[in-house]
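Chemist: The chain contents come next:
Number of protein chains: 4
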Amino acid sequence: MSGSTFGLLFRVTNFGESHGPAIGCVIDGCPPGLELSEADIQPDLDRRRPGTSRHVTQRNEPDAVEILSGVYEGKTTGTPICLLIRNTDQRSKDYGNILDTFRPGHADYTYWRRYGLRDPRGGGRSSARLTAPMVAAGAVAKKWLQQRHGTTFAGWMTQLGDVAIPFEDEAQIPVNPFFAPAGETKVAELEAYMDALRRSGDSVGARLKVVARGVPVGLGEPLFDKLDADIAYAMMGINAVKGVEIGDGFGVVTQRGSEHGDEMLPTGFASNHAGGVLGGLSTGQDLEVSIAIKPTSSIRIPKASVNRASEPTSVETFGRHDPCVGIRATPIAEAMLALVVMDHVLRWRAQCADVVLPVPPLAGQIAPQA
Amino acid sequence: MSGSTFGLLFRVTNFGESHGPAIGCVIDGCPPGLELSEADIQPDLDRRRPGTSRHVTQRNEPDAVEILSGVYEGKTTGTPICLLIRNTDQRSKDYGNILDTFRPGHADYTYWRRYGLRDPRGGGRSSARLTAPMVAAGAVAKKWLQQRHGTTFAGWMTQLGDVAIPFEDEAQIPVNPFFAPAGETKVAELEAYMDALRRSGDSVGARLKVVARGVPVGLGEPLFDKLDADIAYAMMGINAVKGVEIGDGFGVVTQRGSEHGDEMLPTGFASNHAGGVLGGLSTGQDLEVSIAIKPTSSIRIPKASVNRASEPTSVETFGRHDPCVGIRATPIAEAMLALVVMDHVLRWRAQCADVVLPVPPLAGQIAPQA
Amino acid sequence: MSGSTFGLLFRVTNFGESHGPAIGCVIDGCPPGLELSEADIQPDLDRRRPGTSRHVTQRNEPDAVEILSGVYEGKTTGTPICLLIRNTDQRSKDYGNILDTFRPGHADYTYWRRYGLRDPRGGGRSSARLTAPMVAAGAVAKKWLQQRHGTTFAGWMTQLGDVAIPFEDEAQIPVNPFFAPAGETKVAELEAYMDALRRSGDSVGARLKVVARGVPVGLGEPLFDKLDADIAYAMMGINAVKGVEIGDGFGVVTQRGSEHGDEMLPTGFASNHAGGVLGGLSTGQDLEVSIAIKPTSSIRIPKASVNRASEPTSVETFGRHDPCVGIRATPIAEAMLALVVMDHVLRWRAQCADVVLPVPPLAGQIAPQA
Amino acid sequence: MSGSTFGLLFRVTNFGESHGPAIGCVIDGCPPGLELSEADIQPDLDRRRPGTSRHVTQRNEPDAVEILSGVYEGKTTGTPICLLIRNTDQRSKDYGNILDTFRPGHADYTYWRRYGLRDPRGGGRSSARLTAPMVAAGAVAKKWLQQRHGTTFAGWMTQLGDVAIPFEDEAQIPVNPFFAPAGETKVAELEAYMDALRRSGDSVGARLKVVARGVPVGLGEPLFDKLDADIAYAMMGINAVKGVEIGDGFGVVTQRGSEHGDEMLPTGFASNHAGGVLGGLSTGQDLEVSIAIKPTSSIRIPKASVNRASEPTSVETFGRHDPCVGIRATPIAEAMLALVVMDHVLRWRAQCADVVLPVPPLAGQIAPQA
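Taken in order, these protein sequences are the chains called A, B, C and D.
The working numbering puts the first residue of the first sequence at 1, with every later residue one more than the last.
The working numbering puts the first residue of the second sequence at 1, with every later residue one more than the last.
The working numbering puts the first residue of the third sequence at 1, with every later residue one more than the last.
The working numbering puts the first residue of the fourth sequence at 1, with every later residue one more than the last.
Just chain A, same shape as in the assembly (with noise of 0.2 Å):
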């Protein structure tokens, strides 16, 4: 198989490429009963669609999703729950020159060595586009978690370039176009340096936070589908990632024993520099998770390249793109968070559902449930 199936027992396989006729995804395994409609899915698709500031990319996608399978009466049946999303916005133009040469950062020579050919329309299944599809997924993902566990889910700009952003007011993150949870000023600094980048033709990093709030406990399987192991996985999988991080992440290389391990008191954990996972299972604390996006490939200053041939060559890219491809990121990374803890959940339920403790989890926690 491709990789193109996330997931044991939620499993999301994703298809489509960017400027084909359309991309969507098939989610087998969602338990029946759940009330689902399109207008449940729409909202976080809004979130990570292009267009809608001057900071990301122009193209111009609605990205409506079509329910094709799966729901009956307005309730999921169990079976497999098809979300179909047109392509609309694939601007006819010449391929023939991006065919024939490699693009520097991008994903153009390794797709043409392995496959033999490639489709070149828009970065073909290596775009970011299809990273809709698993947003979708994810906010059914969220629903239910939300209605049968109260999980829920967020996240936000930690860091643009250089420009650090401080953690302000979670209300401030829906209102700005960066999902920065930082009022006007920084907001206003955000844009200034977007502005300057935008002009200069290239591009620019991002890192990410996303938490998952009211995460029951004993979640995620020792010894490798650790929860934190497979958070790993769902986001190192998201397009331009090179790392993750879990709680203090890289900080622990310096930190003492003495001071990493989170004390327990009655009243719950005191501290929580693992990130809410211990020995890959939820401690019933906050997941915290931390990504380090990559500053976009596609730029206007040109750079060395070689075409199919191997000959010497130079790319600039003009057209559509997001300058900060972590911009619109946030609402991808909760999306796979959101899967993995739904799929881990799923997990629980068929290997632990008749375990009963004499004693409830530390304040603040929540017991799965069968």
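Since the hints were made in silico from the structure, they are not lab data.
This structure is a prediction, so every number in the text was calculated from the model and none was measured.
Glycine is no exception: its CB is placed at the ideal position from the N, C-alpha and C atoms.
Here's a subset of chain B near chain A, in silico, CB distances under 7 Å, partners left out:
#1 Phe6
#2 Gln159
#3 Gly161
#4 Ser203
#5 Gly279
#6 Ile299
#7 Val355
Given chain A, work out where chains B, C and D should sit, using these hints.
Modeler: Just chains B, C and D, lined up with the frame of chain A:
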């Protein structure tokens, strides 16, 4: 399933607990005809095994591996290879106290809440001892990859707590107890640092780098089983790992696209910011991975905790523990990287064995072959 | 997951319900470079589709397939191929009564107990209509296998109710509406038999045979994913199938070993009692499979049943139903067999692509090649 | 992978060869808290083991099982259970001739062509000896299912070669060496039949029936992992099985729909032609499965064959072989059925644990519970 199988086509199923009768693994899917004996596996186990210097746990385990199946007259037959390692140094002691109390930073609490019961002897299933079978399995993958494609693996420590370790000389790695690519002066500094740490009763984190060289071009699966996503999953699944980076990792946050995108020349890539992966597929350059390992949770300094009745208590851990688990993690990280590459070589063969291109890979690269 | 994905390496994920907006599948893992268009798929769909003779359901569905992804400029790219079939003849009617009552022999009761709710329109997910996407996926596998290895597939009816159908002439199969390898006299008998059956309001079972020719030697995985085990799984998964035989099947019960074991000669096997599989691996002979298909459960003759309140009721079914679902099952069984062989060719390549033997296979056999 | 793992959530990974140091399996995903010791497993192994009567192979293997992991203080911990069976009666002998010649009806030729080499000692991996670990794993599943849902398993022989065995008395099954549900007269007939067969140097086939009782309603996954499809896969994977039937099996070919469809009454189903499965989901009735087992291929009567150079030769097999492998297959088929049901109970829990229906199942049925 409880997450004990790693890989899709080169599948390693791990079993055992730290102080049970034995640990081991079953490798399913190894190509037939590979010359294999215990002597191919033991050296890597010896690199990981405890008791080799005063800076690691003094548990004395020979970790002698026995091949129980899958090899006939010195060659793999294509059927499952069971590797068994008997536990020999399980000191009997009273685990009653440990069973009742949750050690901060350990998996005690999460295992208990998930399973309702747990094996407290040496951490049971959550012990880093369970990485030994993976090192053994990795040795099999390494041998096949070396013979078939010339692929090799190496790892070293880049930082131990506050002490950064410059890359001076790869030949020094096997010479000192830290897997440090540095000479006597730096090693003396590390020795002194560890001695002081041990006296303090505390522990510390570390940062490692692991690389694969001679990786065939085009390995990995878009969309989810990207090579880097599978690497992140493999690394984050190693005990105590809290962060994973590919290539420049979190360094990309402040990079510009004009700086990050690796230019291509007829003589090969001009740089390797990407760490050997573009679009989830190997570029044929070195795979470069960094991981952050948290400080050991078992320390002699008391920390607040609770017992199974959620009553407050205090925990301090005496016994044979690594003050820096990162020290012995290098062969583990190498093995996990080898297992990922091995699996993807087989996956490549399945789907793309027919691909023939008119030009060879860029200079210095290897084309996978069926 | 709810069991909607077939295959390990050539993975087909099926979605849809009989009367929803659309049905379809996603093929993941198809080798790149295969020339493919709707015209390669439609003929097999047309062989399966309803309304082609008076002996099958009169539902009028063109079953026109649309390729949504995975093909660029007429060739497969190695990425997922989504095949969509819009449902066009979903007659609106009141399903209230069907929703409340469980039809004997149908999945109504079991779906309701499992999921707590069900889509009653035309059987929803349990409809044999969901075999159409498998026929489409099978057509892709058939084309690749034919081009790459010369493997071909054929199927025919060997018994329709009480009427045994001798194998007279394979060329007759596509000529008559029964997939019968027999001439005019036998076909006339079958026509008369079906006409009488239809008048009686009853239905009847059937027996089919399906074969693969030119199968490479050595396909299949010992121990569990034996080629014959996967065939049995594939066939028993077709709606209404109640029995599967490989080679002599149940005939082996009274055979002696001296009779059953197929002797080997330098010119090839002397017989094929085994049906082309020994030890779970293909022998290179024809794969020979027989299946038993139960009589359609939707009949006009009243039967006792219960409703959702467990109260007694009676059910008789009017409408457009196949009086013998076995008639249209031949292309389905061929497709499932092709999918099994395809998956195992890819699995063989992954593990055994390096195997080189000093002598070629027995006369008339094909060696798999990487 | 080479097909050595069975099940999705209750995963059994099998390893070993007939004459290697050991055989065994790793069970991953067993729910925690099940009381388990070797004494729970040994009885089923003893039912399968060789040397218990003159009608089976005289190989003398105690088949003593050792639990290497996954059990702490007599209870399963939810982590992998490794079961090890040492081989003790591997008579050393010269396998040179066997290595060079392909025995008709055996896997010799197919293994050689697939892997390029093979372990000839006692059939190596293709030996029916590898069913012993499955019987052991099945014993674990049986115990859990019995305790949790009251589900039980039974099997018996229905035909031995030409001798049909009527179902007279289930209590007789463990009393005679044939697993025959019949009294002294029939057993005497079977004894005489087998004695004559053995003298002739030939072997014969058999037909078995295996049932599960007290199966929760609604187990199974539409579309592909139907309960009956998974049963067919499990049964056809047993050595020498050539046919599988569910319920009326091939008897459905001549049945009418008016006869086949099982009517439903408030007191339960009126019949069980379906064998306990409708639409791939369990009805709550007994699961009824029949299998056909081919005659042993190892016979004293010479048969034509070829050697590795494709030259003609002749093969006759002396040694300790079962003249009817069907005799010892009953506990194997029971175990495989138990493993299928176990896996599907866990899968049901994952997806449908929340389903609550207003009315209980039909009389005599069991509702699955989380």
